[in-house]
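Taken in sequence, the protein lines are chains H and G. Position in the first sequence (from 1) plus 68 gives the number in my numbering. Position in the second sequence (from 1) plus 68 gives the number in my numbering.
Hints in this document: simulated from the structure, not taken from any laboratory. Only a predicted model underlies this, so the values are computations on that prediction, with no experimental measurement involved. Keep in mind that a hint or two might mislead.
Heads up, the list lumps identical chains together, so a pair's fine if it works in one copy or across two of them.
Said to hold, decoys possible - Below are the PhoX-like pairs computed for lysine-lysine, each with C-alpha atoms no more than 20 Å apart in a straight line:
#	residue 1	residue 2
1	Lys205	Lys363
2	Lys155	Lys250
3	Lys155	Lys88
4	Lys257	Lys294
5	Lys325	Lys363
6	Lys261	Lys363
7	Lys228	Lys88
8	Lys164	Lys205
Number of protein chains: 2
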Amino acid sequence: MSLLVTGSIGIDCVETPHGKRDDVIGGSAIYFSYAASFFTPVRLVGVVGEDCPSKLLQVFQNRDVDTSGLEIRKGSKTFRWHGSYLKDLNEAVTEKVDLNVLAERAPKIPQGFLDTKHVFLANTHPALQQEILASLKSPKLVVADTMNLWIQTEQAELRKLLGKIDGLVLNDGEARLLTGEKNLVAAAKAVRKLGPKFVVIKKGEHGCLLSSERGEFVLPAFPAEKVIDPTGAGDSFAGGMMGYLSTQGSFSVATLKRALAFGTVVASYTIADFSLAGLQSATRDHIDDRWNDFKQAMSF
Amino acid sequence: MSLLVTGSIGIDCVETPHGKRDDVIGGSAIYFSYAASFFTPVRLVGVVGEDCPSKLLQVFQNRDVDTSGLEIRKGSKTFRWHGSYLKDLNEAVTEKVDLNVLAERAPKIPQGFLDTKHVFLANTHPALQQEILASLKSPKLVVADTMNLWIQTEQAELRKLLGKIDGLVLNDGEARLLTGEKNLVAAAKAVRKLGPKFVVIKKGEHGCLLSSERGEFVLPAFPAEKVIDPTGAGDSFAGGMMGYLSTQGSFSVATLKRALAFGTVVASYTIADFSLAGLQSATRDHIDDRWNDFKQAMSF
């Protein structure tokens, strides 16, 4: 079953203790789409400016990603992000960010995408997330991400969105900020009271927490001895999770747990190299093998 | 099979967002012994001053803890620790510490304890840990803990100790300090190169990491919505782990994993109340039930 994602597409400059990369492809929708396409066909909705080098957009060649919803907008500039992990590999310091085309109107969803059943609303303005959601005919599973900025400046719109989605994926700091709860179990429960049936809190190197009416489930990250570039790990996690969920008939807790483990494994490839190179080195067989190793390792 | 522990016994004053307790029983050997005694008979070796109220030492009444190695030293004062978790429930701020009797000579090990097969050298001067170890006849499993202070001031002695033990339990900050490795998987491997066959890194609310020649295993903490007082969580974890190991014939990775899960569950009782009250509210049946829930929750 197909999966639609809408989110950012950007040109990144990234610095980590292992080196520096200039003008590489990045953005939540890019990592998400690549990660999800290991599992299911992906429909990408996003926008770049006319300055975006076409070779950067060729990352989905030979991937099951439908880019007919990717708009190259004339007269606009592509979103740019310059981040550094020199201080702490677990948290990016944004050196510079230019929203550019992301500050303009949302990209249009192609007619052929309107029947999509599984939707991931990657981080963007919650009013836009609602607008995109409203245009879809009958989605079966809607999951969103958000960020500090919207929690601080657009909480009314964000709360409206939370009433309309099945699941929310966000990081630990965002969950604390949104709910005022320091304890993550309490924070996840407080988020569920705002609408979503399930909440996934991403804790970076410490893994993730799932909260649903069936209780809490905590999964550590895949133990990695070397993290080259953590950019996109959270989006790849969401992509692996949603990609797997889209192939399943149900969204039971058992299915969600397996999906979280797939997200964890996919993200472990992302952080092993710069930009998309880690994901590009993986195959579905690699992912399944590592997933089985992880499942085996986690049982006691 | 019996289990010997030597470590600190103290009078604590603790402040957390949930309240304050003055002059309660604490210390690594106390938490460890209580936790381990859910699984196996414990032999406690430690020393207090004559100022220690006898009611504080009655915590082991009706527990399978042999306190004949507990010395009440005339003319000495009991170790005292005053800590606060008001800023961060995951990290104590030491407001005041008086080593008192802990700065004097080590307590003597009773003759009847010298044949003990399983030993936990809770945190104390690494020269003392070696001295105690040398006096035992033929220990089968020796695991130690340590702390920043010895890593910084007595690293030569600590390295000698590491060559003589089977396992080391330490927290994430200590592992990084000892090895200079920021990444915990790399840090654990570097510790193993110094001697121990296995290393357990405690990550507080983020669980623990086991490293052995068979690879890495990461276990999250038991999801807790309310942490009342985290004091002694790490020692309780070690006590649950060693208590369970002492009942097993082997120390294989599969056994170690189950032991880590028991440690995790026992620590989840410790943090649910002040001082020993959380552990005192638990029974072995409670622990087994929660362990089974945890095992079930962790499988996917």
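Hints, one by one, checked against the model:
1. Lys205 to Lys363: neither (37 Å within a copy, 41 Å between copies)
2. Lys155 to Lys250: Answer is between: at 11 Å across copies they meet the 20 Å cutoff, but 24 Å inside does not.
3. Lys155 to Lys88: Cα proximity of Lys155 and Lys88: one copy only (14 Å, versus 36 Å across).
4. Lys257 to Lys294: between (33 Å within a copy, 12 Å between copies)
5. Lys325 to Lys363: both (11 Å within a copy, 14 Å between copies)
6. Lys261 to Lys363: neither (31 Å within a copy, 28 Å between copies)
7. Lys228 to Lys88: For Lys228 and Lys88, neither the intra-copy (40 Å) nor the inter-copy (41 Å) Cα distance is at most 20 Å.
8. Lys164 to Lys205: neither (38 Å within a copy, 64 Å between copies)
Going down the numbered hints, you'll see the structure goes against 1, 6, 7, 8, while the others check out.
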